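*Asks:* Each chain, letter by letter, is given below.
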Amino acid sequence: MAATATVNEIASGSRRGAFGRPRSRLWLLAVPMTLFFVVFFVLPVLSLLADSFDKPMAGRVAPHGDFVLTNFIRFFSLPQYYNSALLTIEISVISSIVAAILGYPLAYVIAKIEHPTWNTVLMILVLASMQLDGVIRLYGMMVLLGDNGLINGTLARWHYIDKPLPLMYNVFGVIVGTVQITLPFMVLSLIGIIRGIHPSFEEAARSLGASRWRAFRSVTLPLTMPGLLAGMLLVFALSSSSYVVAALMGGWKVWVLPIHIFERISNSGQWQFGAALSTILFVINISAVFVYQAVSSRLTGGRT
Amino acid sequence: MRDAVRFHWIIWLGSAAALVVLLLPVVIVVLAGLTAGEYLTFPPQGLSLRWIANFLQSPTFFPAYLFSLELALITMVISSLMGTMAAVYLIRSRSKGVAAMRGLFMSPIVLPGLVLGLALYVFYVTTNIGLARTFGGLLIGHVLVTSPFVLATVSAALVGFDVSLEEAARSLGAGPFQAFRLITLKIIEPSVGAGAIFAFIISFGQFDLSLYLGTPNLTGLPYAMYISLRYKFEPTAAAAGIFAIALVVVSMVLSSRLVNLTKLVSNTRLRW
Numbered sequence: 052m053a054a055t056a057t058v059n060e061i062a063s064g065s066r067r068g069a070f071g072r073p074r075s076r077l078w079l080l081a082v083p084m085t086l087f088f089v090v091f092f093v094l095p096v097l098s099l100l101a102d103s104f105d106k107p108m109a110g111r112v113a114p115h116g117d118f119v120l121t122n123f124i125r126f127f128s129l130p131q132y133y134n135s136a137l138l139t140i141e142i143s144v145i146s147s148i149v150a151a152i153l154g155y156p157l158a159y160v161i162a163k164i165e166h167p168t169w170n171t172v173l174m175i176l177v178l179a180s181m182q183l184d185g186v187i188r189l190y191g192m193m194v195l196l197g198d199n200g201l202i203n204g205t206l207a208r209w210h211y212i213d214k215p216l217p218l219m220y221n222v223f224g225v226i227v228g229t230v231q232i233t234l235p236f237m238v239l240s241l242i243g244i245i246r247g248i249h250p251s252f253e254e255a256a257r258s259l260g261a262s263r264w265r266a267f268r269s270v271t272l273p274l275t276m277p278g279l280l281a282g283m284l285l286v287f288a289l290s291s292s293s294y295v296v297a298a299l300m301g302g303w304k305v306w307v308l309p310i311h312i313f314e315r316i317s318n319s320g321q322w323q324f325g326a327a328l329s330t331i332l333f334v335i336n337i338s339a340v341f342v343y344q345a346v347s348s349r350l351t352g353g354r355t
Numbered sequence: 162m163r164d165a166v167r168f169h170w171i172i173w174l175g176s177a178a179a180l181v182v183l184l185l186p187v188v189i190v191v192l193a194g195l196t197a198g199e200y201l202t203f204p205p206q207g208l209s210l211r212w213i214a215n216f217l218q219s220p221t222f223f224p225a226y227l228f229s230l231e232l233a234l235i236t237m238v239i240s241s242l243m244g245t246m247a248a249v250y251l252i253r254s255r256s257k258g259v260a261a262m263r264g265l266f267m268s269p270i271v272l273p274g275l276v277l278g279l280a281l282y283v284f285y286v287t288t289n290i291g292l293a294r295t296f297g298g299l300l301i302g303h304v305l306v307t308s309p310f311v312l313a314t315v316s317a318a319l320v321g322f323d324v325s326l327e328e329a330a331r332s333l334g335a336g337p338f339q340a341f342r343l344i345t346l347k348i349i350e351p352s353v354g355a356g357a358i359f360a361f362i363i364s365f366g367q368f369d370l371s372l373y374l375g376t377p378n379l380t381g382l383p384y385a386m387y388i389s390l391r392y393k394f395e396p397t398a399a400a401a402g403i404f405a406i407a408l409v410v411v412s413m414v415l416s417s418r419l420v421n422l423t424k425l426v427s428n429t430r431l432r433w
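In the order they appear, the protein sequences are chains A and B. Under this note's numbering, the first residue of the first sequence is numbered 52, with each subsequent residue one higher. Under this note's numbering, the first residue of the second sequence is numbered 162, with each subsequent residue one higher.
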C-alpha cells in the first residue's frame, strides 16, 4: 500500500520533503516574509493612498481619514501637473523603445554564445552594471555630457563649436541617463527567452531559402516578443519612477512626476498633494501593465 | 570561433554599442578618480592617487562608505534568511495563493523607491512606532527592496530541484529536517549565496529610499555622492565611486563562481 501511495503522490505531482508532508508545517516558512510585507509594505502603501484623499493641510503627514478629491481635482486642473504626467509617459516610452533596440543585439549574443568564459564575462558586465549604484553611473554620464564635460570641452578646445551642445539638463539628457540605467534590465529579460528558442527553428527557415534577416524577422523576433514586451514594461516602470536620473541629468529643468512629488513635499510640506501625485504615478505604471497584457495577448493570439 | 561566424555584423555592432553605453560611464568614473588634474579632460592629464587619498581622509565620503557597508551587511543577513524561507515555501506549496504571494513579494522591484520611502515615512509617523528617520526604519526599506532578488535567485535554483533526492534520504532513515539540511540546503546553498550577494550590492547602491528615510547621520555613499553632484564634480566622489565599483565587480565574480549566471537569468523571468 505504501508503494501505491508513493506512486499516486508522484503522479499527482506531490512534492514531499521535510516541509512537504501532508498536514505539514511548510507554511511556517512563509510567515516572516508575509508578516513583514503586510506590515511594512501593504499598510504603508495603503496609508499613502489614504493620504492622497485627505483634505490638503500643509505640514500634516498622517492620513486623517477624510475622503475628498481636492488633490486630484488640483492635478487635473493645473497644466503644469497634467503636462508633467504626459512628459513622464513620453520619456518612459521613448526610453523603453531605445533600450529595446540597444538591448536586443547584446542579449542575442549573450544568449547564443557558447564559449563559457566569454559568456560569463558578458554576464558579469551586464549584472555588474545593473547593480552598480545609479548615482555613480550618473556621475560618469555628467562628466561626459556636461557643458564643460568631456565631449563639449574637447570639441571646444579643438574649435569645432563655439558654445556647448545641449547634451544635458534637458529631456535628451534624461532619456540618455534613463536608457543607461535601465538597459541591463532589458538585456536580462531578453536573454532567457532567446535562449529558450531552439536554433533549429531559425535553421529550418534558412534552409527553406529565407535570408538571415527574413529568418530573424519572421521566426526569432515573433518568438521573443513576450520577453521584449516584458523588458519594455520593466524599463517603462523604472524610468517613470526614477527621481535621481531626472534630478541630476535634468538639472531641475525637466519636471517629471517624481521631481514634482519631491518638490511639493520637501519644499512646501504638501503631503496630501504629494501622495496624490504618487498615486497617479502608480496608476500610470499599472495602466502600462494593462497595455502590456493587452498587446501580448493579441500578439500571441490569447496564448500566454 | 564558430560563434564569431554565426552572427550578422549588425548584431555585433549593436551589442558593441550597448556595451559602450553600459560601460563608458563606469570607465569615466574610474579615470576621473585617478586623474592628476582638478577635473577629467580628454586626453587625460596623467594618473595620480591624490583623490583616492582625499577620499580615505574625507569627513563625508569615507564615513558614508562605511555606513553603506554596515547597512548592506545587516540587510543581506535579514533578506537572505527571509527570502530563502519564502522561496522554499513558494516552490513546494500547492496552495492557490502562491501566485498572488509571489506577486506581492516581487512588487518592490517596480514600486518607485521614492514612493516606497514616502509611504514608509508616512506610515512611521502615523503609527508613531519610533521608526521615522532611524536606522531601523531605513533598514526595513532596504530589506523590502532587496528580498525580491533573494527570492527570485533561490526560486530559480529550486525550480529544477528533484524532490526524490530528499525522499531517498528520508527512506534511508534521515529525519525530515536532517534530510532538508543535508540534501536540499546543500544543493541550493550556492544560489542562497548568490542571492545574498545581490541583496548586499543592491542595498549598497540604494539611493531613492534615503530621500525620506535618511538623515544627515544616516547617509550612505549614494546619497553623499548625490549631494556633492548637485553642486560640483568632485574627483573625491569619483574616487569613492572606484571603491564601490571594485566592490560590485568582486561580488559579481564571486557569484559567478557560485551559480551559472546565464542559467540563473534564464530561470528568473519577471512576470506580471
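Simulated from the structure, these hints should not be mistaken for lab results. Being a predicted model, the structure only gives us computed values, none of them experimental. Heads up, the beta-carbon is just placed ideally off N, CA and C, and yes, glycines get one too. Incorrect hints may have been included.
[What the hints assert, rightly or not] So the derived label-pair ranges between C-beta atoms look like this:
| no. | chain 1 | residue 1 | chain 2 | residue 2 | range |
| --- | --- | --- | --- | --- | --- |
| 1 | B | Ala-177 | A | Phe-341 | 53 to 59 Å |
| 2 | A | Leu-79 | B | Glu-199 | 38 to 44 Å |
| 3 | B | Asn-378 | A | His-210 | 36 to 42 Å |
| 4 | B | Thr-295 | A | Tyr-133 | 34 to 40 Å |
| 5 | B | Leu-174 | A | Ser-262 | 27 to 33 Å |
| 6 | A | Arg-268 | B | Pro-224 | 52 to 58 Å |
*Asks:* For the hint 52 to 58 Å, verify it against the beta carbon of Arg-268/A and that of Pro-224/B.
*Replies:* holds (55 Å)
*Asks:* Hint says 34 to 40 Å; check whether the CB-CB distance for Thr-295/B and Tyr-133/A agrees.
*Replies:* holds (37 Å)
*Asks:* Please check whether Leu-174/B and Ser-262/A have a Cβ separation lying inside 27 to 33 Å.
*Replies:* The hinted range 27 to 33 Å is violated for Leu-174/B and Ser-262/A, with Cβ atoms some 18 Å apart.
*Asks:* With 53 to 59 Å as the target window, see if Ala-177/B and Phe-341/A comply at their CB atoms.
*Replies:* violated (36 Å)
*Asks:* For the pair Leu-79/A and Glu-199/B, does the Cβ-Cβ distance stay inside 38 to 44 Å?
*Replies:* violated (59 Å)
*Asks:* 36 to 42 Å was suggested as the range; check whether the CB atoms of Asn-378/B and His-210/A agree with it.
*Replies:* Violated, at about 49 Å.
Comparing the model with each earlier hint shows violations of hints 1, 2, 3, 5; every other hint is respected.
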